[in-house]
Amino acid sequence: MRRAQLDDSFKITRSPVTLREMVCNRLRQAILNFQLLPGDRLVERDLCDRLGVSRTSVREALRHLESEGLVEFADARGPRVAIITLEDACDLYELRCVLEGMIVQLFTLRAGPKEIAALEQALAENREALEGAELPEVIETVQNFYDVLMEGCGNRVAATQLRQLQARVSYLRATSVSQANRRQASNAEMERMVAAIRSGDALAAHQASVDHVRAAAKVALDYLQRQQEHQGEQPRELFIPRVQDEPRIER
Numbered sequence: 001m002r003r004a005q006l007d008d009s010f011k012i013t014r015s016p017v018t019l020r021e022m023v024c025n026r027l028r029q030a031i032l033n034f035q036l037l038p039g040d041r042l043v044e045r046d047l048c049d050r051l052g053v054s055r056t057s058v059r060e061a062l063r064h065l066e067s068e069g070l071v072e073f074a075d076a077r078g079p080r081v082a083i084i085t086l087e088d089a090c091d092l093y094e095l096r097c098v099l100e101g102m103i104v105q106l107f108t109l110r111a112g113p114k115e116i117a118a119l120e121q122a123l124a125e126n127r128e129a130l131e132g133a134e135l136p137e138v139i140e141t142v143q144n145f146y147d148v149l150m151e152g153c154g155n156r157v158a159a160t161q162l163r164q165l166q167a168r169v170s171y172l173r174a175t176s177v178s179q180a181n182r183r184q185a186s187n188a189e190m191e192r193m194v195a196a197i198r199s200g201d202a203l204a205a206h207q208a209s210v211d212h213v214r215a216a217a218k219v220a221l222d223y224l225q226r227q228q229e230h231q232g233e234q235p236r237e238l239f240i241p242r243v244q245d246e247p248r249i250e251r
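Residue numbers for the sequence shown follow the numbering used here, beginning at 1 and rising by one.
Since the hints were made in silico from the structure, they are not lab data. Among the hints, erroneous ones may be present.
[Unchecked claim] Label-pair ranges, simulated between beta-carbon atoms:
id	residue 1	residue 2	range
1	95	75	25 to 33 angstroms
2	45	113	50 to 58 angstroms
3	154	91	24 to 32 angstroms
4	161	45	33 to 41 angstroms
5	9	43	15 to 23 angstroms
6	218	248	47 to 55 angstroms
7	55	75	32 to 40 angstroms
8	147	33	15 to 23 angstroms
9	37	154	37 to 45 angstroms
10	9	67	20 to 28 angstroms
11	25	132	18 to 26 angstroms
12	55	211	42 to 50 angstroms
13	147	113	16 to 24 angstroms
14	228	29	35 to 43 angstroms
For glycine and all other residues, C-beta sits at the position ideal for the given N, C-alpha and C.
Work out the full structure, taking the sequences as your base and the hints as a guide.
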């Protein structure tokens, strides 16, 4: 993995947003942008100097990022950028199949014209970003697409569960989208989701969502396998749950 450079934009300037949130955001983006790589030691003094903040702010941010799964306190040597193992990635992709498939299916059944129009706009913004935007902007447009789905699915618990995985999902998404030819394929898969939603075919929308996750998983797992020297170890086959014809419960 090629390391991107940390520049002056990494340093914190004061604003009404809490300092911990700002430090969290900067560190999170540095991880998702591959400026900080898996296994990198996160030395408090160095981070304080680079960010221009106190140790307390850095420590609070690191603990928060630990709860997101992006930082780990693995040993006495202090925190480091979390290493998402092949097994971890398989677990996350299986859960994505369940949660995203259900969210897309529920969105198809519950969304109105306004929500569908917002989804089409998010897809168009992703397509535009693919024309030449940097990786962070591409990832942001994908997340915006899923934000529309989560807002419009009508199941707050499912949306909350998926949001709790967002940091690690975004890291794996950045890993897969950064690979050759994946960007265009990803957008085409999202287009198939939107087409099924537009036609009101909830089962087809669910299948398109699962197909999208499985395609992303193949690229990311192959990459992790090479990076983590698991050449002799094949990723396990992902478990795909059987879709329910009617996922809604009468309210």
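Evaluation of the provided hints:
no., hint, result
1, 95 - 75: 25 to 33 angstroms, "28 angstroms, holds"
2, 45 - 113: 50 to 58 angstroms, "54 angstroms, holds"
3, 154 - 91: 24 to 32 angstroms, "27 angstroms, holds"
4, 161 - 45: 33 to 41 angstroms, "37 angstroms, holds"
5, 9 - 43: 15 to 23 angstroms, "20 angstroms, holds"
6, 218 - 248: 47 to 55 angstroms, "31 angstroms, violated"
7, 55 - 75: 32 to 40 angstroms, "20 angstroms, violated"
8, 147 - 33: 15 to 23 angstroms, "20 angstroms, holds"
9, 37 - 154: 37 to 45 angstroms, "39 angstroms, holds"
10, 9 - 67: 20 to 28 angstroms, "25 angstroms, holds"
11, 25 - 132: 18 to 26 angstroms, "24 angstroms, holds"
12, 55 - 211: 42 to 50 angstroms, "47 angstroms, holds"
13, 147 - 113: 16 to 24 angstroms, "18 angstroms, holds"
14, 228 - 29: 35 to 43 angstroms, "23 angstroms, violated"
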